[in-house]
Amino acid sequence: MSSSEGVFFLTGKDFKNAGAASSNLKGILEGMCIPPAIIRRVAIASFEAEMNVIIYAVAGMIKYNITPERITIRVQDMGPGIPDIALAMKEGYSTAPDYIREMGFGSGMGLPNIKKNADVLTLNSLAGEGTTVEFTINLSPAE
Amino acid sequence: MILGDIRDLLHAVVLARGEDMGMEIERAYCADLMSDVLAFSVNNSLLITGLTNTQVIRTAEVATIRAIVFVQNKRPDIQTISLAEEKRIPLLATDLSMFDTCGLLFEKGLRSCFGLEF
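So the protein lines, in turn, are chains X and P.
The working numbering puts the first residue of the first sequence at 1, with every later residue one more than the last.
The working numbering puts the first residue of the second sequence at 1, with every later residue one more than the last.
Chain X with its partners taken away, still in its complex shape (with noise of 0.2 Å):
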């Protein structure tokens, strides 16, 4: 298996593109050969991240390494950030409004799902700066 890396550009409230990126990201791991159920936990991730940045965020970006061991995907976001990573984390709570909930989403269920599909989850916000998530997903079974 090769290596690869990139970075997709989001701009916020983007709604007719949200989403565009991790299906794109999702065509290069497939065109990679890695194993089905590995790519849905990457796009799945990397879907309720790229949502975070289009609902919350003014601009950001999903950059994306890939080698033989592991995924990683670090999402950067110039938005308000998260003032209480804890709570954030809690499934259910959200601060999205009522619009991005009629979308489906803002259930306060996307970072729990990042979670819940990475095996390494790091998240870093500062109030008034942004946020960023970073997320890795095994490749090797041994680690």
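Accuracy of the hints is not assured; some may be wrong.
[What the hints assert, rightly or not] A few chain P residues that face chain X, going by a derived Cβ cut-off under 10 Å, partial list only:
hint	residue
1	34
2	36
3	38
4	43
5	49
6	54
7	55
8	58
9	64
10	79
[Stated by the list, open to error] From the derived model, a few chain P residues whose C-beta atoms are all more than 12 Å from chain X:
hint	residue
11	1
12	2
13	4
14	13
15	18
16	21
17	22
18	23
19	85
20	99
Hints were generated in silico from the structure; no laboratory data involved.
Beta carbons are placed, not taken as given, at the ideal position from N, Cα and C, and that holds for glycine.
For this one, chain X is given, so just place chain P on it according to the hints.
Just chain P now, kept in the frame of chain X:
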């Protein structure tokens, strides 16, 4: 169940990928919350939903949902339908309620994704 049989049972119209009516569906998940679909659905299942925007197609794509049934006489717009065509996800639409849709499919032997991984 065969997707074409699901179409007939629900008196559904086909909005996208009519050529895929022969596909086999083993499990179903029903929700309007896309994060729930991402958290609890399994690979190759059927999604039953009342939500009709493009995010439903994106969700189905990343969660490898095989096909979607829109309930309660709700119809997606043309962007949603073309995205489904592009991503090869068949779309059905029925006038039945979500409850009746699930009830009829359950009666015919279709089961939920509950308790399954991947």
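Status of the hints after comparison with the structure:
{"no.": "1", "hint": "34", "verdict": "holds, 4 Å"}
{"no.": "2", "hint": "36", "verdict": "holds, 7 Å"}
{"no.": "3", "hint": "38", "verdict": "holds, 5 Å"}
{"no.": "4", "hint": "43", "verdict": "holds, 6 Å"}
{"no.": "5", "hint": "49", "verdict": "holds, 8 Å"}
{"no.": "6", "hint": "54", "verdict": "holds, 7 Å"}
{"no.": "7", "hint": "55", "verdict": "holds, 6 Å"}
{"no.": "8", "hint": "58", "verdict": "holds, 3 Å"}
{"no.": "9", "hint": "64", "verdict": "holds, 6 Å"}
{"no.": "10", "hint": "79", "verdict": "holds, 8 Å"}
{"no.": "11", "hint": "1", "verdict": "holds, 22 Å"}
{"no.": "12", "hint": "2", "verdict": "holds, 22 Å"}
{"no.": "13", "hint": "4", "verdict": "holds, 25 Å"}
{"no.": "14", "hint": "13", "verdict": "holds, 22 Å"}
{"no.": "15", "hint": "18", "verdict": "holds, 23 Å"}
{"no.": "16", "hint": "21", "verdict": "holds, 23 Å"}
{"no.": "17", "hint": "22", "verdict": "holds, 21 Å"}
{"no.": "18", "hint": "23", "verdict": "holds, 17 Å"}
{"no.": "19", "hint": "85", "verdict": "holds, 14 Å"}
{"no.": "20", "hint": "99", "verdict": "holds, 19 Å"}
Comparing the model with each numbered hint stated earlier shows that all of them hold.
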